[in-house]
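Enquirer: Chain residues, written in single-letter form:
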Amino acid sequence: MTLFLASDVFSHYAPIGVLILIAAGFGVGNLILTSVIGPHRQGAIKSMVYECGVDPIGSARKRFNVRFYIVAMAFLIFDVEIVFLYPWAVTFSSLGQGSELAPLFLGRMFFFVLTSVIAFAYAWRKGVFRYD
Amino acid sequence: MHQMTEKLLTLWPELVMLIGACACLLVGLSPSASTRKGPAWVAALTLITAAHLVIFSNAFNPDPLHGHGALAVQLDTVSFIKLAIIAVGLLLLMVASQVPDRLRQTIDAEQRAQRGAPFETGDALNGEFFAFFLFSLTGAMLCAGARDLVWLFLALELTSLPTYVMVAIARDRADAQEAAVKYFFLGAMAAAVFLYGFTLIYGATGYTQYDQIITYIHTLTAQGTPVSPLFIAGIVLAIVGVSFKIAAVPMHFYAADVYQGAATPVTAFLAFVPKTAGFIALLGLLSLAAPLGYTQLQPITWLLWTMAVLTMTVGNILGLLQNNVKRVLAYSSIAHSGYMLVGLIAAHAAATHPDAAPAQNALGNGTAALLFYLVAYGLATLGAFAVLGCVTHKGDEAQTFDDIAGLGRRHPMLGAVMLLSVLSLVGLPPMVGFLGKIYLFGSAFQHGFVWLVVIAVLNSAVSAVYYLRIIGACYFSQPNDDTQAIPVPARRIGAAVAALAALALGIAGNQLVDAVNDATITTTDDTQTVPAPTRHVSTNW
Chain A
1 MTLFLASDVF SHYAPIGVLI LIAAGFGVGN LILTSVIGPH RQGAIKSMVY
51 ECGVDPIGSA RKRFNVRFYI VAMAFLIFDV EIVFLYPWAV TFSSLGQGSE
101 LAPLFLGRMF FFVLTSVIAF AYAWRKGVFR YD
Chain B
1 MHQMTEKLLT LWPELVMLIG ACACLLVGLS PSASTRKGPA WVAALTLITA
51 AHLVIFSNAF NPDPLHGHGA LAVQLDTVSF IKLAIIAVGL LLLMVASQVP
101 DRLRQTIDAE QRAQRGAPFE TGDALNGEFF AFFLFSLTGA MLCAGARDLV
151 WLFLALELTS LPTYVMVAIA RDRADAQEAA VKYFFLGAMA AAVFLYGFTL
201 IYGATGYTQY DQIITYIHTL TAQGTPVSPL FIAGIVLAIV GVSFKIAAVP
251 MHFYAADVYQ GAATPVTAFL AFVPKTAGFI ALLGLLSLAA PLGYTQLQPI
301 TWLLWTMAVL TMTVGNILGL LQNNVKRVLA YSSIAHSGYM LVGLIAAHAA
351 ATHPDAAPAQ NALGNGTAAL LFYLVAYGLA TLGAFAVLGC VTHKGDEAQT
401 FDDIAGLGRR HPMLGAVMLL SVLSLVGLPP MVGFLGKIYL FGSAFQHGFV
451 WLVVIAVLNS AVSAVYYLRI IGACYFSQPN DDTQAIPVPA RRIGAAVAAL
501 AALALGIAGN QLVDAVNDAT ITTTDDTQTV PAPTRHVSTN W
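Taken in sequence, the protein lines are chains A and B.
If you use this note's numbering, the first sequence corresponds to residues 1 to 132, in order.
If you use this note's numbering, the second sequence corresponds to residues 1 to 541, in order.
Quick caveat, the hints were computed from the structure, so don't treat them as lab data.
Where a beta carbon is used, it is the ideal one built from N, C-alpha and C, also for glycine.
Errors might be hidden in some of the hints.
[To be verified] Taking lysine-lysine pairs in the DSS-like style, the calculated list, with each CA pair at most 25 Å apart, reads:
| id | chain 1 | residue 1 | chain 2 | residue 2 |
| --- | --- | --- | --- | --- |
| 1 | B | Lys182 | A | Lys62 |
| 2 | A | Lys46 | A | Lys62 |
| 3 | A | Lys126 | B | Lys37 |
[Claimed, not checked] Taking beta-carbon pairs under 10 Å as the criterion, some of the chain A residues facing chain B (in silico):
| id | residue |
| --- | --- |
| 4 | Phe111 |
| 5 | Leu114 |
| 6 | Arg130 |
[To be verified] If you anchor each label on the Cβ, the simulated ranges turn out as follows:
| id | chain 1 | residue 1 | chain 2 | residue 2 | range |
| --- | --- | --- | --- | --- | --- |
| 7 | B | Ile507 | A | Phe129 | 14 to 22 Å |
| 8 | A | Tyr131 | B | Val150 | 52 to 60 Å |
| 9 | B | Phe185 | A | Leu106 | 34 to 42 Å |
| 10 | A | Tyr86 | B | Gln209 | 51 to 59 Å |
| 11 | A | Phe78 | B | Ala117 | 50 to 58 Å |
| 12 | A | Phe111 | B | Ile48 | 16 to 24 Å |
| 13 | B | Met189 | A | Val117 | 55 to 63 Å |
Just need the whole structure built from these sequences, with the hints factored in.
Expert: Structure, rendered in structure tokens:
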């Protein structure tokens, strides 16, 4: 009985369970695929921990370009925008035809997108996207 | 949902401030050199517009008590706080004028641009500085309207995050970087503490909206069910965390270092804006617990009592030991938080006593006293810091008593502003600080906190020693030849206006006091019309 109740309560988490399975399957599947069909050429650089990253030998307090942070922050502008746009787009259609809240919701999203555009314009002018 | 629309309509001032901040960012990066000087003007225009919007939206308040019909516009508490923040914000803006312009980085970049090289936008800080200035003020204004824990958290962080950057960029010394890093990490820790408190409150009640939490606690007390201890723990954590913003005792350690390291105009900003936001947040948080009643809230009152006593005593004693005027003023700022906590305790006691009648005059209304004192303290401390910001010593900021020696003789106007500001901080009669302290301590006295008032008055007497040292250095020492005034007219005008306002409000402050009192009364529960004795001595705290 308790088990039945529990399954009832948690059944709406099923999609998340499936998502976890897919995610784990994607990771494990790719590992298996590379070991089966990969070319298996070994070499000094090839067998390092990070093939194309920081050299794992020597001091860990290595300097690297501050631009990495700036690019990460510029990425955040768009990342956050998308994160907000998706749920907004999903719920907006449920407002119904001719709802008086629709202009408000649309206006808010315009305001939000505008702030991202300003952030982008600012970053551009500030020279964030100059890689020289 | 309709509530949300109405809520949004009351947010026009904040929206305008955000738009103004974005405009500052863009104007500061303009290709034309004269436009690049614009952000300060954009910020001033934004603040003035926001002030008009606050008054305008207040005039169209649906509440009949202060609506269309009223001859004089009567403010509600939130509008009053917003207007106070904008008014002091305008003075702070004048004090902060030319801060980014005078940085070596900006001067070099502008000189290169004048010689025909393309302007290096990466070196421009004009837009950023004033944008963050406006963002922080917006956060403080949002705190005033916060009726939800999540909202309050975001507003508090919007107040604080820009100040970390302002500390770091406004002065080209390693001290400023150090101050910014200290301030940032300790601020993040404090945010974690009060956010943890908020989650406990949410966990104990199941709501984040103030009204729902208050209704829930009301229902519990009506049924006689004890409230979860988690709720009290949450309130305590929230109080302790927010005490970082007001620089009160368990969280005061950063104040001296950060105030010293930051550029002086930024220090003036730090001394007013986060403190105002913190006290307003505390007023809101204490209102959540108020339905529990006086006896159940004794631990909270004790906590506030201890914090108040420790804050003013620690602030004043450490203030006596300093040789750096900025550090003295930092400890004075801590001590003043202690005085304001006295008013907060009175407000708290008034809210928790069910038989308490709304105070008929400002004396006895702790909330009004606190809000009035915030303005009084803001004006005085702003004047003092602005004077320090108007002089340099060997190319660096004037900071020590030696640096400002003889300031009053060399620069009579700066000396006079310093004198008036310091007298107001001491709390001497013609100044607004005196009036403010009367209301603060008087309201606590009316609620029976006799010992607290005695300690506060003793503390004020002790503080006079280091305040008089500042006056002594200004007027009775050999002038220091290495100290020079810098040509920033707006900063001087801001300082002078603050000092004159402190004097004028001290002489004719009744108007403002009455306005604050009306503001706090009209938003409290108006059903209590039966006059009852305002004095209810329960214990001698």
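Enquirer: With reference to the structure, classify each hint as holding or not holding.
Expert: Here is what the structure says about each hint:
Between Lys182/B and Lys62/A the CA atoms are separated by roughly 24 Å; this keeps the pair inside 25 Å, and the hint holds. Simply put, Lys46/A and Lys62/A have alpha-carbon atoms about 21 Å apart, close enough for the 25 Å limit, and the pair holds. Annotation: proposed proximity of Lys126/A to Lys37/B holds, straight-line Cα distance about 16 Å (limit 25 Å). Hint on Phe111/A holds. Least Cβ distance to chain B is approximately 8 Å, under the 10 Å limit.
At about 9 Å, the closest approach between the beta carbon of Leu114/A and any beta carbon in chain B falls short of 10 Å, and the interface hint on this residue holds. At about 9 Å, the closest approach between the beta carbon of Arg130/A and any beta carbon in chain B falls short of 10 Å, and the interface hint on this residue holds. Ile507/B and Phe129/A have their C-beta atoms about 57 Å apart, which leaves the hinted 14 to 22 Å range violated. For the hinted restraint 52 to 60 Å between Tyr131/A and Val150/B, the CB-CB distance of approximately 39 Å leaves it violated.
Range check, Phe185/B to Leu106/A: Cβ separation about 41 Å, and the 34 to 42 Å hint holds. The hint said 51 to 59 Å for the Cβ distance between Tyr86/A and Gln209/B, and at roughly 26 Å that hint is violated. Range check, Phe78/A to Ala117/B: Cβ separation about 32 Å, and the 50 to 58 Å hint is violated. At roughly 22 Å, the beta carbons of Phe111/A and Ile48/B sit within the given window of 16 to 24 Å.
In this structure, Met189/B and Val117/A break the distance hint of 55 to 63 Å, their C-beta atoms being roughly 35 Å apart.
Checked against the numbered hints listed earlier, the structure breaks hints 7, 8, 10, 11 and 13; every other hint is satisfied.
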